[in-house]
Amino acid sequence: MSSLERWLRVVSLRVRSLFMKNRVEQDLADELTFHFEQEAQRQRERGLSPEAARVVVRRQAYGLEALKDACRDARGVQWIDDAVSDIRHAVRTFQRNPGFAISAVLILATGIAASTGLFAVLDAVVLHPFPYAGADRLARVQLLPPSGPVRRASVTADEFRALRQALTLDGAYIREPFTKTLGGSAFPESVSAASCTGNALALLGVQPVIGRVFTEADAPIGPDPPRVAVLTYPFWQRRFAGQPNAIGQTLQLDGEPFTVIGVVPAEYSLDLGDVILPLPMNGDTGATWPAVVRVRTGISMAAAEAELQMLFEQFARSRDKALPRTFRVRLRLLVDEERGASHVPVLTMLFAASALLLLIGCANVTILLLARGQHRVPEIAVRHALGATRSRIVRLLLCEALLVTLAATVAAVMAARYLLPSLLELVPVVIAQRAGRSVIGPNAISFAASLAAVVTVISGVWPAVVVSRWGGDAVRRGSAARGSSVGSVGSGVLIAAQIAIVVVLLAGTGAAMRALVNLYRAPTGYDPTRVTIAQIHLPTNRYTTWPERVAFYERLRAEVSRETVVERSSISLIPAGPPPLSGMSAQIDAQGLRDADREVLTLSVASDYFATLKMPLARGRVWSASDDARAEGVAVINETMARQLWPNEDPIGKRVRDRSFPERQNPPWVLNAPGRDGWFEVVGVVRDAPNRGMREPIAPAMYIPYTAALSDVVVLLVRTRGNPFAAERELRTAVSRADASLPIIRFITPETFMGWQQGEFVTAVLLGFGGVALLLASFGLFSVVSYSIAHRTREFAIRLALGAARGTVLRSVLQSVAIAVGLGLGLGLTLSIALNSVLTRWSIPNMGDPSVLAAAVGILVVVTLAATLIPARRATSIEPAIALRAE
Amino acid sequence: MSKPADLLQGTLDLLILKVLGLEPLNGWAIGQRLLQVSGEVLQVSDGSLYPALHKLEQKGWIQGEWRASENNRRAKFYSLTRSGRKQLNKEMADWDRVSAAIMRVLTPEA
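Which chain is which? The protein sequence lines are L and X, in order.
Quick note: to get our numbering, add 61 to the position in the first sequence (first position is 1).
Quick note: to get our numbering, add 1094 to the position in the second sequence (first position is 1).
Please note that the accuracy of each hint is not assured.
[Claimed, not checked] The list that follows gives simulated cross-link-like pairs (lysine-lysine, DSS-like), each with its CA atoms no further than 25 angstroms apart:
hint, chain 1, residue 1, chain 2, residue 2
1, X, K1153, L, K82
2, X, K1149, L, K129
3, L, K129, X, K1153
[As the list claims (entries may be wrong)] Examples of chain L residues toward chain X, derived with CB under 8 angstroms:
hint, residue
4, R67
5, R70
6, D88
7, E92
8, L93
9, A131
[What the hints assert, rightly or not] Some chain L residues flagged as far from chain X (calculated, every beta-carbon gap over 12 angstroms):
hint, residue
10, A127
11, P326
12, A446
13, R682
14, A690
15, W707
16, R718
Keep in mind the hints are simulated off the structure, nothing from the lab.
We put the beta carbon where it would ideally sit given N, CA and C, even for glycine.
All chains, full assembly: derive it from the sequences and hints.
Here it is in structure tokens:
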């Protein structure tokens, strides 16, 4: 193969040029010397004149080196040599002037670290939220009836079998989250479990760390599956200290023994919990499960939806009740669900803020490079005079900028790597659970590397070009005096840009703070002071009848209220809790009810719920504890529901039926009170409280006795006498007195569920960014003013010597700065107001708020004045005689 | 170092390849041969010749070898490689095509 041969020869030549440089150089010299000797001989043979001899000699003396250079260039490795010498030179320069290098590296590292850290979070939350194979093709099946809410499509065991065979799908799986109680040790522990169909782990591409994952054989459809368990890595570490002999051991889950067969990596623990168990799928009970499908590669969503439409219509014909009569099948991608979450815009906004911070850093480094270039004009002029080309000098200067960025990037990646885990602890759970998975891995590192390239271009190219021109100018002028001033139009633009970005960041920070204050002040509908809540899950095989369960919950309440740290306590059933936690969505019937009003929230609470949370009653009464015990058909509604359903009537005494009531019965998880039909009589109206989060409008809501339909997950609501955190031990003791095998999941205080934490987090991050941005911008201003004064010392000295007032000199310094700052403020204000309309859709609606903008501008003016006046005062302290002699 | 525009861009490469296609020569001899064959018209400066030779060598079209010259001095002789010969044929064909085209432009009647 001649091309291979050629390629080998080329490679060997390049290698030789690079690594056997002396030999190659010697060859080149020999070759050219031979040439010149031949030439000289030819001249001699022609009869050498003295003139011609001199030409030959001169060519040998001067032309030889240039010719060698041209040959080296032609060999195509010269640039590597140049780069090496550029890097050496740059390192030497930095060693001589470490102050510049350190400040530039720190400035850039701050911005790059912030951007890279937030990128890592976005990567984990938005770009790659799931660690599964083909995660971007996983979808939930939804049914859209002609009217009413979207429903999850659940399938029976037989239907699941048919669904898996669909031609447009790779397959389907079911994952049901559970909480189980782990026994067998001194204290019961609550573990999160995922029950999965046998094919789930293989379909998702989950590989075991040790042992094996279960297969179809371990989780057959129909008969009860064998009791095997796959652990996720953190649980294996926690429970078995990472011992390989965990395989084959038994776990007591809800009192049943499960044999451990394998361990899967930690990245799966967020979705799959602590242990993964085979899902029992007994087809005879008619039970249904929501399935997740994976669409085949290359198949469009519409094609898959069309096939599933036919399939589900078939399902609907064979079971009449559980599916709506007519519906449209829609596939909802899991990643879209994740990306549509409310915290995504918040994170994106913070990421944008970090990018602005980095931009300010770039502008700062540009200013530093320009200022330093000014001092290097003589050096560059000398290089020019010695024959360095302009492009060679630009390359040298760019190499310095590149080195600074590289050092900054390495520092930033290391800092982000070191700091991210502890910073993630501060990210509130409500923002993003998946943020916890963020790591500075290959994705984040390559992001940082591309940032470095962009930063080098932004901050390095312009100074390199300008400074090399100054050097050329100096040569032409024949003096090594400094070139044009740093305080020129260019740095004016940089200052203006920095100020504009700082205004935007400060306005954003101010807006976030304002939003937070509004959130604090927003009506909560109850008194959240010293309130704490805890979730308790019942084991599946205990308290399985309605009377047993009621008796247990009542015992639990009694034990908790006996604790002296408890001022008052109550319970509610998930998803109900203190405002603004939501209730369960339900369709209701009532006399003369319009269709639009059918949808209400129902919250299952105990009678003392309102007293414990101090929710004021508007009219009527609250039911009694004995109503709870008998699961009486009574309800308390909120003002919104009263207003919507019975605008001009007294709601007390009205009767409503919860249509979903019979469907709630789902033993052993949900037990309906015997003989209840879902009819409730309104006995009272309670004042409105937010019930769909703090930002959403209040929905019509109906509170019913929790005993009407008893689920196995209960929320303990406690108002403590002292610090709620200090009460945790007593509450755990009280719960264990009620049932020693019962674990408490976790305690939460209103900071979490009121959305305060999210606001506080956003405000804290923006405050940090805004502060650093302000610092950087004033540093930039400070350097520009200092350098321009140093540059104009001679001019000022002359003016002072000629009798100018010091104030006049000072004014001339301030004038150009004032114009730049003014332009920046104007631009920043315009941008903030323009951005406000964009951000309103996100989380911070107040960026155009005059008071916020005024505050931002006020802070900026004070800081920029300080950053300008401090160095500017030096201009007035110039002693003309000394300054002029020094020049 | 910029290249002198004394020869059409790329033509020098073709000429070198052509000359070396006949026999291996050292750099000085290549210059002499070009001068001689072209009837003293094409005088290639050493500032163009040697960089061109090194570039062609790097591309693998010619290879250098140290041998004794006629006057028994050590000199670097270049010879055409196999891929160099292929390149020569290609460039000759290109040249024919281009020069024919230029001729057609210059003499539209023909």
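- Query: Is the interface hint for L:R67 satisfied, with its Cβ closer than 8 angstroms to some Cβ of chain X?
  - Reply: 4 angstroms, holds
- Verdict on L:R718 as a residue remote from chain X, using beta-carbon distances over 12 angstroms: Holds, because the least Cβ-Cβ distance between L:R718 and chain X comes to about 88 angstroms, which exceeds 12 angstroms.
- Message: Hint L:E92 vs chain X: min CB-CB distance below 8 angstroms?
- Response: 5 angstroms, holds
- Query: Would you say L:A690 is clear of chain X, with no C-beta pair closer than or equal to 12 angstroms?
  - Reply: It holds; L:A690 is separated from chain X by about 95 angstroms at its closest Cβ, greater than 12 angstroms.
- Message: Need the status of pair L:K129, X:K1153: alpha-carbon distance at most 25 angstroms?
- Response: Since the Cα atoms of L:K129 and X:K1153 sit roughly 18 angstroms apart, the hinted pair holds (cutoff 25 angstroms).
- Message: Would the non-interface assignment of L:A127 survive a Cβ cutoff of 12 angstroms against chain X?
- Response: 6 angstroms, violated
- Message: Restraint: L:L93 near chain X, CB-CB cut 8 angstroms. Satisfied or not?
- Response: The hint holds - L:L93 has a Cβ within 8 angstroms of chain X, the shortest such distance being about 7 angstroms.
- Item | Distal placement of L:R682 relative to chain X, Cβ over 12 angstroms | 97 angstroms, holds
- Item | Distance restraint between X:K1149 and L:K129, which requires alpha-carbon spacing of 25 angstroms or less | 13 angstroms, holds
- Taking the shortest Cβ-to-Cβ distance between L:W707 and chain X, state whether it exceeds 12 angstroms. Consistent with the label, L:W707 stays out of reach of chain X, its closest Cβ about 91 angstroms off (over 12 angstroms).
- Message: Does L:R70 hold up as a contact with chain X if the rule is Cβ-Cβ below 8 angstroms?
- Response: Check passed: Cβ of L:R70 comes within 5 angstroms of chain X, closer than 8 angstroms.
- Does the interface hint hold: is L:D88 within less than 8 angstroms of chain X, judged Cβ to Cβ? 7 angstroms, holds
The structure is inconsistent with hint 10 alone, although it conforms to all the rest.
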